[in-house]
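Student: Sequence:
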Amino acid sequence: MSPVLQLRDVSVTYRGADEPAAAGVNLSLDEGETLGLAGESGCGKTTLAMSVLRLLPRSAHIDGEVLLDGEDVRGMRFGRLRAVRWASASVVFQGAMHALNPVRTIGQQIAEPMKLHGTSEDVDRRVGELLEQVELPADRAGAYPHELSGGQKQRVMIAMALACDPRLIIADEPTTALDVVVQAQVLELLKRLVAEHGIALMMISHDLSALSASCSRLAVMYRGELVEHGPTEQVMADPRHEHSRALAAAFPTVGDPRFRLTDGVSGGDPLLAASGVSVEFRSRAGGAVRAVRGVDLAVRDDEIVALVGQSGSGKTTLARALLGLQRPTGGSVLFGGTPLPSGASGLRDYRRKVQLVLQDPTGALNPRHTVYEAVAEGLRVHGITDDEPGRVAAALEAAELRPAEDYFGRLPQELSGGQRQRVVIAGALVLEPEVLIADEPVASLDATVRGEILALLLRLRVERGLATLVITHDLGLAWNIADRVAVMYQGEIVEEGTVDQVLQDPAHTYTKTLLAAVPATTRTPD
Numbered sequence: 003m004s005p006v007l008q009l010r011d012v013s014v015t016y017r018g019a020d021e022p023a024a025a026g027v028n029l030s031l032d033e034g035e036t037l038g039l040a041g042e043s044g045c046g047k048t049t050l051a052m053s054v055l056r057l058l059p060r061s062a063h064i065d066g067e068v069l070l071d072g073e074d075v076r077g078m079r080f081g082r083l084r085a086v087r088w089a090s091a092s093v094v095f096q097g098a099m100h101a102l103n104p105v106r107t108i109g110q111q112i113a114e115p116m117k118l119h120g121t122s123e124d125v126d127r128r129v130g131e132l133l134e135q136v137e138l139p140a141d142r143a144g145a146y147p148h149e150l151s152g153g154q155k156q157r158v159m160i161a162m163a164l165a166c167d168p169r170l171i172i173a174d175e176p177t178t179a180l181d182v183v184v185q186a187q188v189l190e191l192l193k194r195l196v197a198e199h200g201i202a203l204m205m206i207s208h209d210l211s212a213l214s215a216s217c218s219r220l221a222v223m224y225r226g227e228l229v230e231h232g233p234t235e236q237v238m239a240d241p242r243h244e245h246s247r248a249l250a251a252a253f254p255t256v257g258d259p260r261f262r263l264t265d266g267v268s269g270g271d272p273l274l275a276a277s278g279v280s281v282e283f284r285s286r287a288g289g290a291v292r293a294v295r296g297v298d299l300a301v302r303d304d305e306i307v308a309l310v311g312q313s314g315s316g317k318t319t320l321a322r323a324l325l326g327l328q329r330p331t332g333g334s335v336l337f338g339g340t341p342l343p344s345g346a347s348g349l350r351d352y353r354r355k356v357q358l359v360l361q362d363p364t365g366a367l368n369p370r371h372t373v374y375e376a377v378a379e380g381l382r383v384h385g386i387t388d389d390e391p392g393r394v395a396a397a398l399e400a401a402e403l404r405p406a407e408d409y410f411g412r413l414p415q416e417l418s419g420g421q422r423q424r425v426v427i428a429g430a431l432v433l434e435p436e437v438l439i440a441d442e443p444v445a446s447l448d449a450t451v452r453g454e455i456l457a458l459l460l461r462l463r464v465e466r467g468l469a470t471l472v473i474t475h476d477l478g479l480a481w482n483i484a485d486r487v488a489v490m491y492q493g494e495i496v497e498e499g500t501v502d503q504v505l506q507d508p509a510h511t512y513t514k515t516l517l518a519a520v521p522a523t524t525r526t527p528d
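Residue numbers (the numbering used here): 3 to 528.
No wet-lab data here; the hints were simulated from the structure. What you are looking at is a predicted structure, and each value in this text was computed from that prediction instead of being measured. Mixed in with the good hints, there may be bad ones.
Cut-off 16 Å, straight-line C-alpha distance, at most; resulting in silico cross-link-like pairs (EDC-like, lysine to aspartate or glutamate) [unchecked claim]: (1) 155 to 175; (2) 355 to 436; (3) 355 to 304; (4) 193 to 33.
Pair by pair, the computed Cβ-Cβ distance ranges are [stated by the list, open to error]: (5) 408 to 296: 23 to 33 Å; (6) 289 to 266: 34 to 44 Å; (7) 117 to 296: 50 to 60 Å; (8) 289 to 264: 39 to 49 Å; (9) 32 to 76: 20 to 30 Å; (10) 514 to 17: 48 to 58 Å; (11) 242 to 517: 23 to 33 Å; (12) 278 to 242: 50 to 60 Å; (13) 141 to 345: 42 to 52 Å; (14) 450 to 388: 31 to 41 Å.
Note that CB positions come from ideal geometry on N, CA and C, so glycine has one too.
Let the sequences and hints guide you as you build the complete structure.
Tutor: The structure is reproduced here in structure tokens:
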């Protein structure tokens, strides 16, 4: 039996580019087989995968052979290509939030590929079956995307990909930005579907730990070339290419001292503290929803605290209360032992001392504002007019964008993801704060860039004495840089202590659940 997918010497070149996005790639994938395609942004992995169904822009030129069930996709007329899409091969696109239509129900969207292909099945019945296959209730067919969690939206994308019984599914970063428990559930779901339906699965990610937990083979791409390929155990235990080793080292093993980037400090006096803080919201039905329940939490001078928990645990609502953006319905927030001011002027002065670094640098930066304008904005809001260029340059230098003047006139779209995150950090540093609150600061970044940003946060602690509260679902991040860890569940802090105490000897069942969900690699110690 011929492979479901075979790539023979495939190269993809974009018009006007100096180098090919993919160069001379050879890969094959059989029925029931799982292949992980790893690499950082720009390495060519998504370009290669999208060439399978000719989903690339017109500016792309494909050389070599792309064989789907033995038929070269490059020579297909549009009618044949249309028949192949969804039915022979389908794609689970990255970012379900953006891939789903917000004004159509999920049932309508799952049914769409079946209607395009003129299925003779009872569509409503089939939609219900597909939802149950991805472990969602059939009655959720009438829901809209905004009524679903991130993990549920990703399951809808998988249901759509299964709609026409394809032999191949390409999953592009299917777990990016999902919390650790939901990520484990989605990976387990994909493994089960492959086993039950004999589907060939190609999964694309920059996260080797996620791929190693779910794929039997790994292929690593670097600058358009396939630099390593083999059984998962072999690639993880003995990566031969330098880039493979860098990817494997970028995602830490919790408990492994090699991945601790700090010795840990006890910290000084409490600088920012929540004392019995509760936050309630009114539900649509008129009742009260308690998002935060009587939380006590302190961030000390010269200390990094990781606040960990799943999406919906209340950690971002707590952060908003600490920033004075959300008034607590109970308890108080203290800065230097003094309750937060209630007036607009007092809060503005307070927020100069406590700055927020947002999760998504692309969304945090105005696409029409230059780097200089983005960093200078805080100075202008606070009426700081002396030596604006010097302050902006110093902040960019502190965020490791050097020489700063080279970045002044650049727009966000001219920067890499890591550079954009550094600009956001510079925008916080320009006000010379005493505390940083970093909300998922590396969730959307590549493996090596992730390490660079974490090293930057540690350096800022050493050089500026910055206290930092890092909000994350990533236990590896906590192990990397935190001195203490607080675990939040259903609005409460259920466990708190040093990193060693909480992550190596957890006391609460929920903490144990989080640790059990972290993808385990098969990589052995050096």
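Student: Run through the hints listed earlier and report the numbers of any the structure violates, in increasing order.
Tutor: When the structure is compared with the hints, only number 5 turns out to be violated.
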